[in-house]
Amino acid sequence: MNERILCALAGALTLTGTAASSGAPAKTIAVNQFPKEAQLVERVLVPVPSEVFAVLDKLGKPNWPDVLRPQKGLATPAGGKEQISLLLGVVIAEGFIAVEAENGEEVKNIGNSVRSLAKAIGVEKAVSRRANSIVEYAEKRRWAEVRKELDLALTDVRQAMMELNSESLAQLVSLGGWLRGTEALSTVVGKSFSKDGAELLHQPVLVEHFHVQLQSLPEKTRKEGVISKILSGLHSIRPLMGTEDGASISEKDVREIGKICAELVASVNAKTK
Amino acid sequence: MKRGFFVKRTFLATFAAFSLLSGPGTARGTIDDALSFALEAAQGSVKEGFTVREEYWGGDLPSGQPKPIAHQLFKGNEYWFWMGTDCKGAKISVHVYDSAGKLAEDEFWQKGQKAAARIRPKRTGTYYLLVEIEKSPDERTVWSLAYGFR
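So the sequences go chain by chain: S and A. Going by my numbering, the residue at position 257 of the first sequence is 257; the numbering climbs one at a time, nothing skipped. Going by my numbering, the residue at position 56 of the second sequence is 56; the numbering climbs one at a time, nothing skipped.
Calculated directly from the structure, the hints in this document are not laboratory data. Predicted, not measured: the structure shown is a model, and the values here were computed from it. Think of the CB as a built atom: it goes at the ideal place given N, C-alpha and C, for glycine as much as any other residue. Treat the hints with caution; some may be incorrect.
To be verified - Think about it this way: if two alpha-carbon atoms lie no more than 25 Å apart in a straight line, the pair counts; the simulated BS3-like pairs of lysine-lysine are:
(1) S:Lys27 - A:Lys91
(2) A:Lys102 - S:Lys27
(3) S:Lys259 - A:Lys75
(4) S:Lys72 - S:Lys140
Claimed, not checked - Computed Cβ-Cβ distance ranges for the label pairs, DEER-style:
(5) A:Lys111 - S:Lys259: 48 to 58 Å
(6) A:Arg120 - S:Glu219: 35 to 45 Å
(7) S:Glu167 - A:Val46: 24 to 34 Å
(8) S:Lys259 - A:Gly44: 42 to 52 Å
(9) S:Glu224 - A:Lys88: 45 to 55 Å
(10) S:Arg142 - A:Lys47: 20 to 30 Å
(11) S:Lys61 - A:Lys102: 32 to 42 Å
(12) S:Lys220 - A:Gly44: 43 to 53 Å
(13) A:Lys111 - S:Thr221: 41 to 51 Å
(14) S:Lys259 - A:Arg120: 29 to 39 Å
(15) S:Leu231 - A:Gly89: 44 to 54 Å
(16) A:Gln65 - S:Ala266: 39 to 49 Å
(17) S:Glu145 - A:Lys47: 14 to 24 Å
(18) A:Gly64 - S:Lys271: 50 to 60 Å
Next comes chain S alone, as it looks inside the complex (with noise of 0.2 Å):
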């Protein structure tokens, strides 16, 4: 797999020291300087919301009611499988968003949304049990369970699809709920605005990584409207999200991130004719 930037990323790095093999490991690496055989694992690991959340919950106690967007029914399959894909990604941090809310009716809802996306990709099988357990644990507000549940969800609906040699679909459900995600931690910082809270949006190995899974999709679905505006959203996410760590984000660049984001969930969700 092609994912050049994250070799970029590593080749940035010059060698002042080795890897050690005493007990001691050394105090600097040179990623680039490593023997072929031993170049970067080739995968990023999306981190699941819940590692987001968890530091929000940290960072104090933000308006969740305010950030989440209840739907109008059923989340219903528009476009092809590659939106609905990122519709599933979005629908699903829509849940985590309900949870904070401690919204039960919209997680129910969510759940019985999550099921019926995943049907239209043919991936039900594998959610159903937990799109069930959403909905029972919503029930009774047991939040800490849902949020896991969701989380699994997010986990069964990608091995499914990777199953089904669909593994760029499965990119595609990661990215929706990164953007939605995104899009939401942008509002929770925007509002209560901080140093600290901006710099979880300093997410360059998964913008770069997300840049790279849809220039490997096929040219006729990069064409595609909402493959199109989604690769020239991150271009301009990258620089606005920080380059080096520990760059400060302004609150200019937190909202104009979340605007972007904000506009390319909208055309996740816009039905297709």
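Assemble chain A onto chain S, guided by the hints.
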């Protein structure tokens, strides 16, 4: 053959077969076996409230050739990375470096077929997890790396 990837715990059989493709004289274990050692290493931390991710990385490596894995970490969380191998007599390690290649972990340990590193990231961003088979009786050794957060 890819030498590094991530998989999900419940679909190990597929990947067990995959690892066996390496042939005689190379990696003999399987990633699910390696993972069982990694998860054993995780047990104590799970009791302390760490959530273990369902997906994880795995592959096979020759001795003395560390392999970096780029990964996003968030300031405010605490992470443990647990590495395992089923190869008896192997010594493995995992360490965490920041995007500038500087050692960033707060703690690490290694006990034969298991190793682990803990970090409370000082910044949100890209980190490198450096996995290494320090010594092994086999030409290539299968490894697995899981992680948890709280």
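For each hint, the structure was consulted:
1. S:Lys27 - A:Lys91: holds (20 Å)
2. A:Lys102 - S:Lys27: Holds. Lys102 of chain A to Lys27 of chain S sits at ~6 Å (cutoff 25 Å).
3. S:Lys259 - A:Lys75: Holds - the C-alpha atoms of Lys75 of chain A and Lys259 of chain S are around 24 Å apart, at most 25 Å.
4. S:Lys72 - S:Lys140: holds (23 Å)
5. A:Lys111 - S:Lys259: 48 to 58 Å: For Lys111 of chain A and Lys259 of chain S the Cβ distance comes to about 50 Å; the hint holds.
6. A:Arg120 - S:Glu219: 35 to 45 Å: holds (44 Å)
7. S:Glu167 - A:Val46: 24 to 34 Å: Roughly 29 Å apart at Cβ, these two residues keep to the hinted range, so it holds.
8. S:Lys259 - A:Gly44: 42 to 52 Å: holds (44 Å)
9. S:Glu224 - A:Lys88: 45 to 55 Å: With a Cβ separation near 52 Å, Glu224 of chain S and Lys88 of chain A satisfy 45 to 55 Å, so the hint holds.
10. S:Arg142 - A:Lys47: 20 to 30 Å: Hint holds: Cβ distance 21 Å, inside 20 to 30 Å.
11. S:Lys61 - A:Lys102: 32 to 42 Å: holds (34 Å)
12. S:Lys220 - A:Gly44: 43 to 53 Å: Distance hint for Lys220 of chain S, Gly44 of chain A holds at roughly 51 Å.
13. A:Lys111 - S:Thr221: 41 to 51 Å: For Thr221 of chain S against Lys111 of chain A, whose Cβ atoms are near 48 Å apart, the range 41 to 51 Å holds.
14. S:Lys259 - A:Arg120: 29 to 39 Å: holds (32 Å)
15. S:Leu231 - A:Gly89: 44 to 54 Å: holds (49 Å)
16. A:Gln65 - S:Ala266: 39 to 49 Å: Holds, at about 47 Å.
17. S:Glu145 - A:Lys47: 14 to 24 Å: Holds - the Cβ-Cβ distance for Glu145 of chain S and Lys47 of chain A, about 19 Å, lies within 14 to 24 Å.
18. A:Gly64 - S:Lys271: 50 to 60 Å: holds (56 Å)
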